[in-house]
Amino acid sequence: MSSAILEAERMEQTIAAPPANLLTAGPLTRETSDGLAPLQAKAWERFESIPMPLRTNEEWRFSNLKRINLSVYTQPVALDQAAAESLVARSKGLEKAAGRLVFGNDELLSNELFSESLRQKGVIWLPLEQAATEHPELFSKYFMREEAILGGQKFAALHQSQVRAGTFLYVPRGVEIELPVESFHWLHGAGGSCFPHTLIVAEEMSKVTVVDYFQSDSEDSEGFACGMNDLWLGAGANVTYVCAQKWSSKALAFQINSTVVGRDARAVALNLNLGASLARTESVSRLRGQGGRSDMLAVSVADETQELDQRTFQIHEVRNTSSDLLYKNSLDDTARTIFAGLIRVDPGAHQTDAYQKVRNLLLSDESEANSAPGLEIEADDVRCTHGATTGQIDAEEFFYLLSRGIQPKEARKLIVHGFLQEVLDRLGHAAIAELLSEMVHAKFDAKAR
Amino acid sequence: MSTETVEQFDIDRSVGDFSYPEKHQFDAGVGLTRDTVNYIADVKGEPEWIREFRLRALDVFQKKPMPTNWASKDLEAINFDKIRYYLANGQKATRSWDEVPEDVKRTFERLGIPEQERKFLAGVEAQFDSEAVYSNIKKAVGDQGVIFVGSTDGLMNHPEIFRKWFGKVIPTGDNKFSALNSAVFSGGSFIYVPPGVKVKHPLQAYFRINAENFGQFERTLIIADEGSEVMYMEGCTAPKFETATLHSAVVELVAMKGAKIQYVTVQNWSANVFNLVTKRAIAHEEAEVKWIDCNIGSRLTMKYPGVVLKGRKARGEVISIALASDGQHQDTGAKMVHAADDTTSNIVSKSISVGTGRSTYRGLVHMPKHLKGCKNNTECDALLISPTSRTDTYPAITVRGTGNAAQHEASVSQISAEQIFYMQQRGLTEAQAMSLSVNGFVNDLVRQFPMEYSVELKRLIDMEMEGSVG
Numbered sequence: 001m002s003s004a005i006l007e008a009e010r011m012e013q014t015i016a017a018p019p020a021n022l023l024t025a026g027p028l029t030r031e032t033s034d035g036l037a038p039l040q041a042k043a044w045e046r047f048e049s050i051p052m053p054l055r056t057n058e059e060w061r062f063s064n065l066k067r068i069n070l071s072v073y074t075q076p077v078a079l080d081q082a083a084a085e086s087l088v089a090r091s092k093g094l095e096k097a098a099g100r101l102v103f104g105n106d107e108l109l110s111n112e113l114f115s116e117s118l119r120q121k122g123v124i125w126l127p128l129e130q131a132a133t134e135h136p137e138l139f140s141k142y143f144m145r146e147e148a149i150l151g152g153q154k155f156a157a158l159h160q161s162q163v164r165a166g167t168f169l170y171v172p173r174g175v176e177i178e179l180p181v182e183s184f185h186w187l188h189g190a191g192g193s194c195f196p197h198t199l200i201v202a203e204e205m206s207k208v209t210v211v212d213y214f215q216s217d218s219e220d221s222e223g224f225a226c227g228m229n230d231l232w233l234g235a236g237a238n239v240t241y242v243c244a245q246k247w248s249s250k251a252l253a254f255q256i257n258s259t260v261v262g263r264d265a266r267a268v269a270l271n272l273n274l275g276a277s278l279a280r281t282e283s284v285s286r287l288r289g290q291g292g293r294s295d296m297l298a299v300s301v302a303d304e305t306q307e308l309d310q311r312t313f314q315i316h317e318v319r320n321t322s323s324d325l326l327y328k329n330s331l332d333d334t335a336r337t338i339f340a341g342l343i344r345v346d347p348g349a350h351q352t353d354a355y356q357k358v359r360n361l362l363l364s365d366e367s368e369a370n371s372a373p374g375l376e377i378e379a380d381d382v383r384c385t386h387g388a389t390t391g392q393i394d395a396e397e398f399f400y401l402l403s404r405g406i407q408p409k410e411a412r413k414l415i416v417h418g419f420l421q422e423v424l425d426r427l428g429h430a431a432i433a434e435l436l437s438e439m440v441h442a443k444f445d446a447k448a449r
Numbered sequence: 450m451s452t453e454t455v456e457q458f459d460i461d462r463s464v465g466d467f468s469y470p471e472k473h474q475f476d477a478g479v480g481l482t483r484d485t486v487n488y489i490a491d492v493k494g495e496p497e498w499i500r501e502f503r504l505r506a507l508d509v510f511q512k513k514p515m516p517t518n519w520a521s522k523d524l525e526a527i528n529f530d531k532i533r534y535y536l537a538n539g540q541k542a543t544r545s546w547d548e549v550p551e552d553v554k555r556t557f558e559r560l561g562i563p564e565q566e567r568k569f570l571a572g573v574e575a576q577f578d579s580e581a582v583y584s585n586i587k588k589a590v591g592d593q594g595v596i597f598v599g600s601t602d603g604l605m606n607h608p609e610i611f612r613k614w615f616g617k618v619i620p621t622g623d624n625k626f627s628a629l630n631s632a633v634f635s636g637g638s639f640i641y642v643p644p645g646v647k648v649k650h651p652l653q654a655y656f657r658i659n660a661e662n663f664g665q666f667e668r669t670l671i672i673a674d675e676g677s678e679v680m681y682m683e684g685c686t687a688p689k690f691e692t693a694t695l696h697s698a699v700v701e702l703v704a705m706k707g708a709k710i711q712y713v714t715v716q717n718w719s720a721n722v723f724n725l726v727t728k729r730a731i732a733h734e735e736a737e738v739k740w741i742d743c744n745i746g747s748r749l750t751m752k753y754p755g756v757v758l759k760g761r762k763a764r765g766e767v768i769s770i771a772l773a774s775d776g777q778h779q780d781t782g783a784k785m786v787h788a789a790d791d792t793t794s795n796i797v798s799k800s801i802s803v804g805t806g807r808s809t810y811r812g813l814v815h816m817p818k819h820l821k822g823c824k825n826n827t828e829c830d831a832l833l834i835s836p837t838s839r840t841d842t843y844p845a846i847t848v849r850g851t852g853n854a855a856q857h858e859a860s861v862s863q864i865s866a867e868q869i870f871y872m873q874q875r876g877l878t879e880a881q882a883m884s885l886s887v888n889g890f891v892n893d894l895v896r897q898f899p900m901e902y903s904v905e906l907k908r909l910i911d912m913e914m915e916g917s918v919g
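Residue numbers (this note's numbering), protein chains in the order written: chain P, 1 to 449; chain B, 450 to 919.
Hints may contain errors.
As the list claims (entries may be wrong) - For the chain P half of the interface with chain B, some residues (derived, Cβ under 7 Å), not all of them:
(1) Thr56
(2) Phe114
(3) Glu134
(4) Glu368
(5) Asn370
(6) Ala372
(7) Glu376
(8) Glu378
(9) Asp381
(10) Arg383
(11) Thr385
(12) Thr389
(13) Thr390
(14) Gly391
As the list claims (entries may be wrong) - Below 20 Å or equal to it, Euclidean Cα-Cα: the simulated EDC-like pairs (lysine to aspartate or glutamate) are:
(15) Lys522/B x Glu376/P
(16) Lys818/B x Asp333/P
(17) Lys409/P x Glu438/P
(18) Lys818/B x Asp303/P
(19) Lys824/B x Glu396/P
(20) Lys647/B x Glu735/B
(21) Lys821/B x Glu366/P
FYI, nobody ran anything at the bench for these hints, they're computed from the structure. Positions of the beta carbon are idealized from the N, C-alpha and C atoms, including for glycine.
The following block holds chain P by itself, in its conformation from the complex (with noise of 0.2 Å):
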């Protein structure tokens, strides 16, 4: 798509009527040609039937509900043509990657594909209602077909009513996208909203590693994100999926991930919570073919009064499958994180691996970590094992480095480096892990200021 079409449709969207109140707004309105609307209908019915979440669900189980406020967003804002400019430019990933995709408040702002030979081979890499429209039959089959289970079903509802920016990924059978694939999304202005999804379909023995970068324009604007990330990998498929967080400390937001793995495949998720001030992820993955393994992880780093909420669950179908979930949080001034996670085995699946780990460091006496790990283990030839733990900065750790002339505050910062960096070493991809570990230092060096 050239730059000149993306600006005459800026243009026309400039002078198009105010954004919508969201609870009101409908679902967005589309063309009928178009592969999203008939499901929009859909959803926003049930999102208007399905009640607002209650304390006494027990997924919503320690949530500030109260924090929920859907009735002050709009439908998304459209941007001018600088403030599009600028978010391009600042749509800063890794070094080298395979494609780029850059969205502000859902439009569709830069699409950059730098390794041409993928589409030769099969690749469809592409916008997600383009997607919608141009692969109608590959798209229904696999978009959010896995409904939301923890809690989030209204937001869920509410995201495909208003969903039209993301990518959509299918790598056919066989092939590997040596490079990083990315997409940005950016929530700019303040009361407005944002709905990113992200559809992977790996094929066969087809490997590939997805980066989602999600941001705000400026620290201090109100937003509410509302995204979705649809996994699916096929016998042998190697999937790297991560996804960064950085809106701005106002926002609210909402992230749902379903990942299902086939058989002898591998998954590997790592969420990177920074941002937001409530931040809830759900994240399911079911291990659904013999020889499938899931890896779970996330790191997130919580201060002043954010509220981080991670509910996950690893479900076992089959016989002979694995995962693993390491969760990290780090936690200070009066910030709050809330882990929940459960690893199901379903009744024949035997020889199941399961393991579940939380650690929070607490770093002030005003921060609260929430832990609930749970098993519901219904086959007997098992192992499964699940952790949590919480605790402080190891006195003797900070002693020592305090005795070799480091700061206190340096020392600190370098502890709780030293105690997420496990995580993202789990990633097994060094650029990615970097350009990771770049971002938290920014969020401590912010803080230092």
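Could you slot chain B onto chain P? The hints should help.
Below, chain B alone, put in the same frame as chain P:
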């Protein structure tokens, strides 16, 4: 495989599967209304404040919904209108063994609560149906100033001691079943141990249900005054009946400064009993409370013994063993609420699921305020014996502040095939090998039980394992 488990199970159960003609002098009828509650208060000759306490509790019970939003849907099978809430075989607890009716004695003999054990035990408070029919406190204990009486006796004759804490550790509105108990309670033990007194022998109470459709709602309150020590043991068996029976007890413990309380339970209700029990302790400064909880019987048990660590350096501990056989659901766990600096808690839970049995661990650890030096350690291990067995773990841990630490670990596994093979190669049968392996799994916890309980437990595991392999 599973049918054989049932057979074995039935053989085991038949030991307690008998019943004598019912001759209840007081019977509140079936169902629960204000009349039922008034009737209980009248029959017991209770003062007005207890009657009011009961009636208030009834209102709370009727208002509270069933906790099925998190608990088993099986609770809906309880029909509160078909339960008898009160009956007693006489008003006064009998004092000596000779005065105990002959058929009651026979019941105890079948259960293996023999006279010869009396010399070993400090006192036996035997509950037959809802009133204590037999109570014999060893003279030495009484001489030390220890009060060991039934709930009604305690509230009416020693209100200055018991009223202060009654319903304070577990308020009526804590949950639906604590409200139910507060409305219709009868039986149970009220114990007061004076400052500095160390009760050498464990105090014991045996409970037994002997009327079909009759719920047992005993109420226990133990107060250990400053620097005292006491161990209380509670064991249950029940004859087998066709329709569901409800058991819903409330147990409150108060450990004053420096006191130590150990509360041991071996629960072996028959497989049609709903066992919904609320147990909680308050531990003051430097006090120690230890719950040792073993659940073998019942259809559904829901029980999460807790300790509120209220004073500095208080310590709480829960040791839990659960054995869930065919058709059973053992939903057990622990609660530790840290409410003072330097408090420590430890939870060790081991469960075994056999056949279609389901065991659940539910835990809560709370370190909510600006506390320093609080520590919790939780370990949950589950063993699955059959392909149809199920186990769940649902801990919830909240920690605030840099002065505290909590760690939780849980694992689920099955018996190592290599171990079984090794033992079979040495000449053991598969059942023997399984039994040995399972006993090894719980051994470190069983050792903490009083001797006679650990022997009984080992025998029960042996029998379960014999039935589960083949």
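So, going through the hints one by one against the coordinates:
1. With 7 Å as the threshold, the beta carbon of threonine 56/P comes within range of chain B, its nearest partner Cβ sitting at about 6 Å, so the hint holds.
2. Interface hint at phenylalanine 114/P: violated, since its Cβ lies 46 Å from the closest Cβ of chain B, which is beyond the 7 Å cut-off.
3. For glutamate 134/P, the interface hint is violated, the least distance from its beta-carbon to any beta-carbon of chain B being 45 Å, above 7 Å.
4. Using the Cβ-Cβ criterion of 7 Å, the hint placing glutamate 368/P at the interface with chain B is satisfied: the shortest such distance is roughly 4 Å.
5. Hint on asparagine 370/P holds. Least Cβ distance to chain B is approximately 5 Å, under the 7 Å limit.
6. Contact between alanine 372/P and chain B, as hinted, is supported at the beta carbon level, the nearest pair being about 4 Å apart and thus within 7 Å.
7. Checking glutamate 376/P against chain B: minimum C-beta separation of about 5 Å stays under 7 Å; hint holds.
8. Nearest Cβ of chain B to the Cβ of glutamate 378/P: about 5 Å, under the 7 Å cut. The hint holds.
9. With a least beta-carbon distance of about 6 Å to chain B, the hint placing aspartate 381/P at the interface is held under the 7 Å criterion.
10. Of the supplied interface hints, the one on arginine 383/P holds, with its beta-carbon coming within about 6 Å of a beta-carbon of chain B, less than 7 Å.
11. Proximity of threonine 385/P to chain B holds as hinted, the smallest CB-CB distance being about 4 Å (cut-off 7 Å).
12. Hint status for threonine 389/P: holds, given a least beta-carbon distance of 4 Å to chain B, under 7 Å.
13. A distance limit of 7 Å between C-beta atoms decides the matter here; for threonine 390/P the minimum to chain B is near 4 Å, and the interface restraint holds.
14. Look at glycine 391/P: its Cβ gets to within about 4 Å of chain B, closer than 7 Å, so that hint holds up.
15. About 16 Å separates the Cα atoms of lysine 522/B and glutamate 376/P, which keeps this hinted pair within 20 Å; it holds.
16. As the CA atoms of lysine 818/B and aspartate 333/P are separated by approximately 14 Å, the hinted pair is consistent with the 20 Å bound.
17. The suggested pairing of lysine 409/P with glutamate 438/P holds, with an alpha-carbon distance near 18 Å, which does not exceed 20 Å.
18. Between the alpha carbons of lysine 818/B and aspartate 303/P the distance comes to roughly 18 Å, so the proposed pair stays at or under 20 Å and holds.
19. The hinted pair formed by lysine 824/B and glutamate 396/P meets the criterion: a straight-line CA distance of about 18 Å does not exceed 20 Å.
20. Pair hint lysine 647/B plus glutamate 735/B holds up; C-alpha atoms about 16 Å apart against a cutoff of 20 Å.
21. Proposed proximity of lysine 821/B and glutamate 366/P is supported: the alpha carbons are some 12 Å apart, at most 20 Å.
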